[in-house]
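Asks: Sequences are here, hints too, so could you generate the full structure?
Below, each chain spelled out in residue letters.
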Amino acid sequence: MKRKIAYQAGRSFLHRYHPLVKFAWLVALTVLVFLFQDPFLNASFTVLLLAVFPSAGLKFRELRGVKVLGISALMIALLQVLFVDSGPVMGQLGPVAVTQDGLERGLYLASRFLTVIFLSYLFVLTTSPNELAYALMRAGLPYRFGFTLVTALRLIPLFEQEALTVYRAQLVRGSSYERKNLRHLLRYLRTLLLPMLVSAMSKVDALSVSMEGRCFGRYPTRTYYQKREMTRRDWVAAGGLILVLISAVMVTFWEG
Amino acid sequence: MIRLKDFSYRYRGREDFALQSINLEIASGEFTLLTGPSGCGKSTLALAVAGVLFSQFDGEVEGTVAVAGMDVQEKSIYQIADVVGLVQQNPESQFCTLRVEDEIVFGLENRKYTREKIDSLLTWSLEMTGIEHLRGRDLGTLSGGEKQKVALASILASQPEVILFDEPTSNLDPPSTEEIFDVILNLQRETGLTVLVIEHKLDFLSRVKPRIVEMGMGCILEPDRKSYPAPEIKVKNPAFNGSAEHPLLEVERLRVGYQRQSVLKEISFRLERGEWVSLMGDNGSGKSTLLLSLLGLVEKSAGDVWVLGENVDQVPSSTLGKNVGLVFQNPDHQLFASTVWDEAVFGARNFKLEESEFTGFTRSLLERAGLGDRVKEHPYRLSYGEKRRLNLISVLSYKPDVLLLDEIFIGQDRENAEFLLTLLSEFVENGGSVIMVNHNPAYYPEVVSRIFFLAGGKLVVDAPLREAMQDLARIGMDAYLPGGGW
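So the protein lines, in turn, are chains A and B.
Numbering of the first sequence is given in this note's numbering, commencing with residue 40 and proceeding in unit increments.
Numbering of the second sequence is given in this note's numbering, commencing with residue 65 and proceeding in unit increments.
Watch out, some of these pointers could steer you wrong.
Below, simulated BS3-like cross-link-like pairs (lysine-lysine); rule was C-alpha separation at most 30 Å, straight line [unchecked claim]:
hint	chain 1	residue 1	chain 2	residue 2
1	B	181	A	266
2	B	329	B	273
3	A	242	B	139
No lab work stands behind these hints, which were simulated from the structure alone.
Replies: This is how it looks when you write it as structure tokens:
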């Protein structure tokens, strides 16, 4: 059974960083990958990231969609190899001349693609979205936005479960969706969505009664009971990030 | 504490008033039980007292509602919320967060209380509801009963003077129901709260001698009843006098799930024509999974299931459905057509029955259900009880051999339950067989012939009614027996 790309509880070194520190690293590294277009630097970084997975207690192979990811990266690289014709010719692939520029461009784009995906995977898999939402709200995100996220997190699994129930209920009353013409597909969608919609509406009613009944929206701000203080290692990580950014700026400046 | 004076309410877009000229007074510290048929306006009354009826819905109002001297319509919902708390039916749908602590402090954070104040209120409400041990947990990992206690604690934390409960136990198994009621009673005794409980399950609460307010459709029939006769079901155990060569269902060493996440363990039984089984067990004991696996809707890890001699692995669920009808818990999940009539014959048409085979029969069932002149309406316009009748009819219409019913009596008043039971009784008399999951001991002893009791995925009791009831008493499951605390 493949695992979904969703938060997986754990106590690894990545899990224990403050969500906002991790978020800052994610954003900064993603920007850097786009700034520094060195194929070998990027490729080694991608491999390095791959090595982070096991140390964060994650089994890369068990994740859903890994194959698609690999194939996509190959396709991206292949396109460059096939269509870039500048630079010295390195070899011949059928009628197509493979150039050094093509290879380097392919390596860079494929590794950039994988790096961005791996970074997001590591972030998503080790950060409780709930904690992230609370951390963002404490950092100043208006709480209505924060709770929109929390509510979505809460309702998604419920809706998944309900969709399955509706599907089963249709199945046992003889609906068969093997005939795949458009009319049947549309009818199928309608019969699936209507019950979902009705049940979603009643959920929204109950939830808004519950939220208002507990004074949600009474004041423009609210207090937070849970504290997630920055620990020493969080500060170190944040400092590390600042160093990385400063050196990146210096390198860029130096190289012109 | 609570005073409704000539209060009437009509939802927008509705012809009838949901409540009409209600006069009701509830004193401070009083324990009141509000009962009445489904759709009579009990929940609307609770919403009115909690103030949300005026802040969330925009309908036509007459008369006044006052709580603790405040005119509910005049004050803001937040001012009312400081005095009145409402615990809704389904704990799942009233949670605003993902963790027990976050949930309980939610209302306190919204009131901008300091950390110290929140801390002491959190500890206090956890103690009062007896769930200190759940403090660090995720809500998703809790049982139904635990969830409802957290919902109660989250209301209690803001120290309201009145707490309203809208059918707080309807999704809970009997042991959890007892626990919730114990918590409520204890709370009321210790804090002198004013408590109003909307509930169909009256027997259990009768031991505290609450004041009982009985409602009819949109009105109060009796504002001050002292006792309430136990509901008597007139349907009697049906007898099938035929015989059959094959059992309808055969289950052999069925397992679902693996090792530690095992849901069903080594389940074996045979079901003959004319049998009516009550399938019982705590929330999470595997009842729904068992029903689903009989139709091949969940993957089994071992064992075999035969329906009329055919192995379910060989037949798609959409074909098995013809012989084995399944009705799910929530009516809204199983209404697909755009008219009541199309809904009723949805399955019959899918299974390619001849029109003559089902039209007359289905029409007569709809007539008896009081839906005869509403066949052209949209199913979602029906009331909860009517939807439930339609659910059952839409399965009966194609005349399956076995009916599997998952908690179809939840939230049904006595009259509706009796109608459903009558249809089922006829079904059994004609050689059909029923397995119904039900929590309400008030219904089963009069009708069923056999009991299955699941505990931890094992079939720990499988016996004829009387024998099974003795078995249940022996293994300490008195809560499942009629009068066992109810």
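Asks: Against each hint, give a clear statement of whether it holds in the structure.
Replies: Hint check:
1. Restraint check: the Cα-Cα separation between residue 181/B and residue 266/A comes to about 15 Å, which is no more than 30 Å; the hinted pair holds.
2. Under the criterion of a C-alpha separation no larger than 30 Å, the hint pairing residue 329/B with residue 273/B is inconsistent with the structure, at around 43 Å.
3. Taking the CA atoms of residue 242/A and residue 139/B, the gap is about 26 Å. The hint holds against a cut of 30 Å.
Hint check: a violation occurs at hint 2 only; the rest are consistent with the structure.
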